[in-house]
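Chains as they are written, first to last, in the numbering used here: chain A, 1 to 111; chain B, 112 to 549.
Don't take each hint at face value.
Claimed, not checked - Derived pair list, reagent style EDC-like, types lysine to aspartate or glutamate, alpha-carbon separation capped at 16 Å: (1) Lys14/A with Glu76/A; (2) Lys257/B with Glu150/B; (3) Lys328/B with Asp379/B; (4) Lys327/B with Asp95/A; (5) Lys83/A with Asp101/A; (6) Lys325/B with Glu65/A; (7) Lys122/B with Glu76/A; (8) Lys14/A with Glu65/A.
To be verified - Here are the simulated distance ranges between beta carbons: (9) Val244/B with Gly108/A: 50 to 60 Å; (10) Pro93/A with His287/B: 28 to 38 Å; (11) Leu389/B with Val51/A: 52 to 62 Å; (12) Gln46/A with Val207/B: 52 to 62 Å.
Hint data in this document are derived by calculation from the structure and do not stem from the laboratory.
Note that the structure is predicted; figures quoted are calculated from it, not measured.
Virtual Cβ for every residue (Gly too), placed ideally from N, Cα, C.
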Amino acid sequence: MLELSIQDPHFNEKMLAIDALHQVIDPELFVNIIDLGLVYDLDFSQPDQLVITMTLSTPHCPLGEAIEAGIHHVLEPFFPNRKIEVNIVWEPPWDFSMMTDEGRRQLGIEE
Amino acid sequence: MADINIGKAPKNYAVLPFYAGGAFFLICIALALLWVVPELNGHYAAPHIVALVHMFTVGWASMIMMGATYQLLPVICEHDLFSSRLSLFSFCCVFVGALLLISSFWWFHPGWWMLSGGTLIWIASVAYLINVVGTGGRCDRHHIRKCLMVSAGSWFVFTTTLGWWTALQFVHPVSHVPIPTWLKIHAHVGMAGWFLQLISGVSTQLIPMFLLGKSKKSYLLNWAFVLQNIGLLSFVVLSWLIGIHAWIWISVALVVAGIVFHLAYLYDAYQHRVRKPLDLQMKHSLLSFLFLSLAILSIPVVYAFDHRWSIIYGMLLLMGWVSSLILGQTFKTLPFIVWNDRYKQWNGKFKVPLPRQLYSERRLQWQFRLYLASWLLLFAGIMLQNRILDYAGSLCWLGMSVCYGWNVIQILFHRVQIPEHAGTVYTRSALQRENAGH
Numbered sequence: 001m002l003e004l005s006i007q008d009p010h011f012n013e014k015m016l017a018i019d020a021l022h023q024v025i026d027p028e029l030f031v032n033i034i035d036l037g038l039v040y041d042l043d044f045s046q047p048d049q050l051v052i053t054m055t056l057s058t059p060h061c062p063l064g065e066a067i068e069a070g071i072h073h074v075l076e077p078f079f080p081n082r083k084i085e086v087n088i089v090w091e092p093p094w095d096f097s098m099m100t101d102e103g104r105r106q107l108g109i110e111e
Numbered sequence: 112m113a114d115i116n117i118g119k120a121p122k123n124y125a126v127l128p129f130y131a132g133g134a135f136f137l138i139c140i141a142l143a144l145l146w147v148v149p150e151l152n153g154h155y156a157a158p159h160i161v162a163l164v165h166m167f168t169v170g171w172a173s174m175i176m177m178g179a180t181y182q183l184l185p186v187i188c189e190h191d192l193f194s195s196r197l198s199l200f201s202f203c204c205v206f207v208g209a210l211l212l213i214s215s216f217w218w219f220h221p222g223w224w225m226l227s228g229g230t231l232i233w234i235a236s237v238a239y240l241i242n243v244v245g246t247g248g249r250c251d252r253h254h255i256r257k258c259l260m261v262s263a264g265s266w267f268v269f270t271t272t273l274g275w276w277t278a279l280q281f282v283h284p285v286s287h288v289p290i291p292t293w294l295k296i297h298a299h300v301g302m303a304g305w306f307l308q309l310i311s312g313v314s315t316q317l318i319p320m321f322l323l324g325k326s327k328k329s330y331l332l333n334w335a336f337v338l339q340n341i342g343l344l345s346f347v348v349l350s351w352l353i354g355i356h357a358w359i360w361i362s363v364a365l366v367v368a369g370i371v372f373h374l375a376y377l378y379d380a381y382q383h384r385v386r387k388p389l390d391l392q393m394k395h396s397l398l399s400f401l402f403l404s405l406a407i408l409s410i411p412v413v414y415a416f417d418h419r420w421s422i423i424y425g426m427l428l429l430m431g432w433v434s435s436l437i438l439g440q441t442f443k444t445l446p447f448i449v450w451n452d453r454y455k456q457w458n459g460k461f462k463v464p465l466p467r468q469l470y471s472e473r474r475l476q477w478q479f480r481l482y483l484a485s486w487l488l489l490f491a492g493i494m495l496q497n498r499i500l501d502y503a504g505s506l507c508w509l510g511m512s513v514c515y516g517w518n519v520i521q522i523l524f525h526r527v528q529i530p531e532h533a534g535t536v537y538t539r540s541a542l543q544r545e546n547a548g549h
């Protein structure tokens with residue numbers, strides 16, 4: 001799960017990235033990738049790079065390329081000097097418990 | 112980007128023609144159904160009824176199932192499709208083959224006309240199997256759904272071979288086995304081998320995915336695979352060697368047990384679903400499995416009573432189980448395929464429509480209502496031998512087909528409208544509001 005600490009030296013940049021990533025929708029579930037809990041980590045440690053570690057709701061999802069393109073489109077205007085890299089992982093596997101309350105509400109999932 | 116291979120969807124030409132072809136044949140079915148109403152209470156082997164059955168099995172069901180496999184198998188195997196060109200080739204063969212075969216049945220022209228249609232469909236089934244085995248062979252891990260899809264593909268080749276062989280018997284009778292026996296084996300292999308096993312593989316992947324439900328009882332699918340195959344294999348071998356006798360019930364029981372395991376898996380996923388409300392597409396799918404259960408329950412009645420029950424049995428399987436599943440799942444798959452093609456590169460650039468906005472929800476609602484009405488009217492019409500009810504049911508089926516075809520065409524010909532401000536980024540709050548509105 002993506003965790004954000006105010007002590008983090010890249011706190012402001014991460015907030016900006018998370019806000020932008022709210023615009024990338026998983027077309028299969030109609031919910032953005034942040035509220036789905038698909039994004040595991042944002043790595044700003046390299047000065048010229050931003051690495052997004054994330055997963056997909058379905059392995060080999062045919063819409064994976066569309067999601068990846070969406071990430072590049074929303075982040076590039078905010079971080080023009082960083083190379084955006086999307087790192088897809090399957091561990092830990094995604095499940096519904098990783099969703100935010102807002103994501104659960106949008107999917108109509110009962111508590 | 113990681114080395115993990117994601118999202119390499121097959122080329123559009125490998126999948127979309129099958130949906131267009133399926134919609135075309137669904138409308139042909141509706142028109143043919145209106146035409147054959149006076150014959151609905153006759154024998155199921157009458158030429159027009161046989162033509163209608165092949166419109167269902169080859170033109171409609173096989174067409175869509177082949178396309179759906181080409182889209183889904185790479186997801187299951189986590190690998191690219193073996194060959195998109197081979198998929199297109201199989202479409203050309205099955206489409207032309209279906210036209211030739213169905214027309215030869217309709218006007219009853221056994222001989223080169225029927226055989227050439229059968230040959231093209233056989234070539235399509237072989238091309239399909241090569242593609243399925245080629246894709247599955249690259250799969251790194253064992254997967255029971257992959258096994259079901261490969262075995263379904265093998266039975267598909269077998270049933271098209273049997274169909275071709277039976278057509279040959281009309282012209283050059285070289286086998287001592289009577290034609291009705293060949294026809295029964297051909298039909299059962301098509302139903303319990305090709306359709307059942309493919310649906311077992313595909314539905315147990317798609318339905319839990321759309322319901323956001325998971326079943327941990329994958330052993331149920333292993334049993335479904337084993338029992339369905341042993342049952343069908345024993346049916347084929349014994350029918351061929353001895354003919355169809357009372358022992359056939361053992362084979363039937365094995366296949367039915369396999370179906371029960373398949374349905375038990377789906378029920379478990381349904382019970383553990385996270386998304387409680389069911390949309391129309393999922394209602395269509397649930398209805399489909401209800402029809403399958405009714406078809407199984409009606410088997411003893413079909414054997415005990417007259418041909419009227421054979422027609423009902425066929426309706427339960429073709430107009431019920433197979434059609435209802437396809438009518439629902441089309442709108443769970445096709446809009447995503449087209450959306451992915453048209454909007455992949457624009458995602459995040461501007462407010463792109465959602466896949467479900469590519470077709471009319473209202474038309475889908477009418478499709479569902481007309482489908483139910485058609486089914487009830489045709490069932491009552493055949494049971495009561497009432498031609499007016501038959502015509503009313505056929506007209507409802509025509510209306511349902513038009514709704515389906517219209518939506519499919521709307522999706523296939525969807526054009527991207529790029530706004531002038533494409534490239535600017537929307538604020539989060541606007542998008543969130545939009546999302547919450549759905």
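Are the Cα atoms of Lys122/B and Glu76/A separated by 16 Å or less? Status violated; Cα separation ~28 Å.
Could you say whether the range 28 to 38 Å given as a hint is met by the Cβ separation of Pro93/A and His287/B? Violated, since Pro93/A and His287/B (Cβ atoms, about 57 Å apart) do not stay within the stated range.
Sort out whether Glu150/B lies within 16 Å of Lys257/B, counting only the CA atoms. The given pair, whose Cα atoms are some 41 Å apart, is violated under the 16 Å limit.
Could you tell me whether the CB distance from Val244/B to Gly108/A stays inside 50 to 60 Å? violated, 40 Å
With a cut-off of 16 Å on the C-alpha distance, tell me whether Lys327/B and Asp95/A pass. Roughly 14 Å between the alpha carbons, so the hint for Lys327/B and Asp95/A holds.
Are the Cα positions of Lys83/A and Asp101/A separated by 16 Å at most? The hint is violated at about 31 Å.
Verify the proposed pairing of Lys14/A with Glu65/A, using a straight-line Cα cut of 16 Å. violated, 23 Å
Lys328/B and Asp379/B: Cα distance at most 16 Å? holds, 8 Å
Given a hint of 52 to 62 Å, does the C-beta separation of Leu389/B and Val51/A actually sit inside it? Hint violated: Cβ distance 39 Å, outside 52 to 62 Å.
With a cut-off of 16 Å on the C-alpha distance, tell me whether Lys14/A and Glu76/A pass. holds, 14 Å
Taken at face value, is the distance from the CA of Glu65/A to the CA of Lys325/B at most 16 Å? Given that 16 Å is the threshold and the Cα spacing comes to 25 Å, the pair is violated.
Determine whether the Cβ-Cβ distance between Gln46/A and Val207/B falls within the hinted range of 52 to 62 Å. holds, 57 Å
Violated hints, listed in ascending order, are 2, 5, 6, 7, 8, 9, 10 and 11; each of the other numbered hints is respected by the structure.
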